[in-house]
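Listed in order, the protein sequences are those of chains A and B.
Take 0 as the starting number for the first sequence in numbering that gives the first Met the number 0 and just add one per residue.
Take 0 as the starting number for the second sequence in numbering that gives the first Met the number 0 and just add one per residue.
By construction, these hints were calculated from the structure, which means they are not laboratory data.
Please read these numbers as outputs of a predicted model, since none were measured by experiment.
Virtual Cβ for every residue (Gly too), placed ideally from N, Cα, C.
Errors might be hidden in some of the hints.
[To be verified] What follows is a list of derived Cβ distance ranges for each label pair: (1) 182/A <-> 189/B: 43 to 49 Å; (2) 66/B <-> 162/A: 41 to 47 Å; (3) 101/B <-> 198/A: 29 to 35 Å; (4) 109/B <-> 30/A: 33 to 39 Å.
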Amino acid sequence: MILGGCRLGESRARGSSREWDPADLIVSTRDVEIGGRTTTATTLNGSVPGPTLRFKEGDQVVLRVQNRLDVDTSIHWHGLILPPSMDGVPGVSFRGIAPGETFTYRFPIKQSGTYWYHSHSGFQEQLGMFGALILDPLEHDQIESDAEHVITLSDWTFEDPMRILARLKKSAGYYNFQKPTIADDGLSRILANRAKWGAMRMDPTDISDVTGETYTYLMNGRAPESNWTGLFEPGQSIRLRIINAAAASYFDVRIPGLAMTVVQVDGQNVEPVTVDELRIAIAETYDVLVSPTEERAYTVFAEAMDRSGFARGTLAPRIGMSSEIPARRQRPLLQMEDMGMGAMAGMDMGTMNMEPDSPDADTGSVTGMPEMISDGPAKGGSHADGTHGMGLDEEAEVPEWARSIAHGPDDHGPGNSMIPEFTKGRLDEPGIGLEDAGHRVLVYTDLRSLVASEDQREPDREIELHLTGNMERYIWGFDGKKYSEAPEPIAFHYGERLRLTFVNDTMMNHPIHLHGMWMELVNGAGEHKPRKHTVNVKPAERLSVDINVDAKGRWAMHCHILYHMDAGMFRVVEVRERNGNRTNLLND
Amino acid sequence: MTRQIQLFAGLVLLIAPIGCVSPPGTTPRAFVPRVVNRDLGDVVHGTREDPVSGDPQRPVDEQQVPGSDWPSPVHDNQPFTFLRAEQLELRVRDGAPNISRWDVQGWYGRDFEKLWVKLEGEQSVEGKSEGEAELQALFSQLVAPFWDFQIGARYDREWGPGPATDRWFGVIGLQGFSPYEFETELALFVSEDADISARLTATTDFLLTQRLIMQPRIETEAALEEVPKFEVGQGLNYVELGLRWRYEFVREFAPYFGINWIRNLGETEDLIRRGGGEASELSLVLGLSVWF
Chain A
0 MILGGCRLGE SRARGSSREW DPADLIVSTR DVEIGGRTTT ATTLNGSVPG PTLRFKEGDQ
60 VVLRVQNRLD VDTSIHWHGL ILPPSMDGVP GVSFRGIAPG ETFTYRFPIK QSGTYWYHSH
120 SGFQEQLGMF GALILDPLEH DQIESDAEHV ITLSDWTFED PMRILARLKK SAGYYNFQKP
180 TIADDGLSRI LANRAKWGAM RMDPTDISDV TGETYTYLMN GRAPESNWTG LFEPGQSIRL
240 RIINAAAASY FDVRIPGLAM TVVQVDGQNV EPVTVDELRI AIAETYDVLV SPTEERAYTV
300 FAEAMDRSGF ARGTLAPRIG MSSEIPARRQ RPLLQMEDMG MGAMAGMDMG TMNMEPDSPD
360 ADTGSVTGMP EMISDGPAKG GSHADGTHGM GLDEEAEVPE WARSIAHGPD DHGPGNSMIP
420 EFTKGRLDEP GIGLEDAGHR VLVYTDLRSL VASEDQREPD REIELHLTGN MERYIWGFDG
480 KKYSEAPEPI AFHYGERLRL TFVNDTMMNH PIHLHGMWME LVNGAGEHKP RKHTVNVKPA
540 ERLSVDINVD AKGRWAMHCH ILYHMDAGMF RVVEVRERNG NRTNLLND
Chain B
0 MTRQIQLFAG LVLLIAPIGC VSPPGTTPRA FVPRVVNRDL GDVVHGTRED PVSGDPQRPV
60 DEQQVPGSDW PSPVHDNQPF TFLRAEQLEL RVRDGAPNIS RWDVQGWYGR DFEKLWVKLE
120 GEQSVEGKSE GEAELQALFS QLVAPFWDFQ IGARYDREWG PGPATDRWFG VIGLQGFSPY
180 EFETELALFV SEDADISARL TATTDFLLTQ RLIMQPRIET EAALEEVPKF EVGQGLNYVE
240 LGLRWRYEFV REFAPYFGIN WIRNLGETED LIRRGGGEAS ELSLVLGLSV WF
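Taking the hints into account, I'd like the entire structure generated from these sequences.
Have a look at this one:
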């Protein structure tokens, strides 16, 4: 899909006779072609994705962004460490960019790696307003390759995103056409399903809210049939900078016939790990190296997590080549474990007088669980009384991040419809639908930062945040409250080492993005915790990150599923002096 | 104008040589996916020098003072409007005139508070004009994850063949989604004459395929006192069972057919019989379910 470029004269001819100031990035509404259909997108310099921006570490960036829409716009530089007023979140960092305004972003580049940028206003990101942002290191790149390609994954809808949200509010399963049916699953399975999931008013096929029913999944702006192609010469080492710029889609990426060596995650170099497939959560980036040796085409296959569609492109020695497109796999089903009701880490099910293989084992365990774990302290769950069949040996084998913790008494009110009996770390799991992939799939415990973190302090303080949602009514939030119910910032203390623990009380995956500061994933990598700007929190998972709170100001923190964010899964974090001096950052 | 932009872009590139340096070992040809904008260049480069005044190192506090004109970062409390005609149907009755029947609900409001309107009724489509309609206007509050508490008023009107009659009720109720997935409405009515009655309606969906859906429905009513004028008997006095198959061409548009069975019970049955009516009726239904 190539769009006819941003003809500056053209938009003037379209109506306004104003003289525009010079600008580097122009935001405008344009007709673009996606999968053979002409549609209207919110574009950056006339294209979807917007232009790839490339800077070098040490640069002082000055970028003029011009708004030619009739509504406010903004650009957020996803994953960049920069002054808070340059972060681009309307209402948090700045006022936004008004129609007709040219806003000048100025910030120094203090890092390198693969990042991206996107609008933080309304649904403009869903409408095509995103692009790749590549920062080259000051010194030589530790990741050596002969050539590289940016692979930006996204989801396109021909519908108005506001209408999508309205439909989800009225009928949360609107876009799910993979529900269990009598025709597919048989009456007895349906009735059993009703007894097990229906009892809790949950749907085991509720993997993604917005699906291939309305989405066309894109690779570098191209629909699968338009086959984006990246060139290579056999024998070259190719670096793929994979960015998930989708509004509401996770992708499982693989290149049949090529192993992928993951070398960078969220712009940060990691110790190389070779896998056959990786799941990329929304807003994450993964840099992988591939070494095609044959003179043939390879399909880059990015299957939507719920299997309702895929994005596809090709790596080939020449334009015009293609390779076989893999069949889509069967849609996965949520398990009781995704509701915090399955087998517990480190717990011997046999001691509970239950047959692990019996069909009732998973539901039957529900009743026994809470008491067994509720006596542990909030952190670590060390089971003070040491009984209940939890042997010391077993406990020792369970890493800190993996321990099961019972949910507290707070049910988070009507804004939250599920309470997992317990949550635990699931960093070593590939995720729903990839358990039986039959090949190597990247997991979060594989990630080790290439260099040890500069900040090896133990956390001074821990904040626990529950990811909550009322799936039936499509209300999303933290601790049972949507943003408008809790607009007061969460206080971080400047200079502290903070542990932020996300507890996912829902049965959906949530990609949580913190602006302004790195999150170091507590995944057992010791001094080599990977630094991330976006962490995926699996259903009923408890996941911790350590943060060096070194950036004063107000920052956004939110779920990067656009529709969850706009339904309230958003918070403002304010970094203040520890002495509690509130500067004039706030007027509310 | 275009020329100015080109000049400026050229200027930026001239004064920004450092931004053009590709990392060693890479092939720029392979990197650039395509040229989308020759005016500005696909790859926008950074500048070493700041051509405009401004200091990004200013103290944070000075830079980031929220103004009163700042918008909310997310708009998570918008009102929505919903209208659903669950039943717009023709009932072909066995041994009685056919009737049309409607059951429409709608709301306007936000996640937690809504104004809810319910309209249902029936009208003969052959023979003498005869029918009844009921309108409820309710304030609705989400009180539990799956349940709205509702309070408001109901107005009933019956017409033909005799003179039309009407009456008012106060309503409190619960509407929501029960365990085992029943869309449920439970309401308590107090009439203007202080007669108390209750109604329970529940439906559930069984998916035969993704679009062909079988929906059993039950409705039952009970009254605390007899109200002969409206043919209402004491106790459990009404049961309606329905089974409908709908096909969702799109979620919002689903024609259906089905069967519906009504049975009046107890004193109500006697009152209706005395009035010359049938205590039970079986009908074939054809209709349309739509919403937006």
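Consistency of the hints with the structure:
| no. | hint | in the structure |
| --- | --- | --- |
| 1 | 182/A <-> 189/B: 43 to 49 Å | holds (46 Å) |
| 2 | 66/B <-> 162/A: 41 to 47 Å | violated (32 Å) |
| 3 | 101/B <-> 198/A: 29 to 35 Å | holds (33 Å) |
| 4 | 109/B <-> 30/A: 33 to 39 Å | holds (35 Å) |
Violation of the numbered hints given earlier is confined to hint 2; every other hint is satisfied by the structure.
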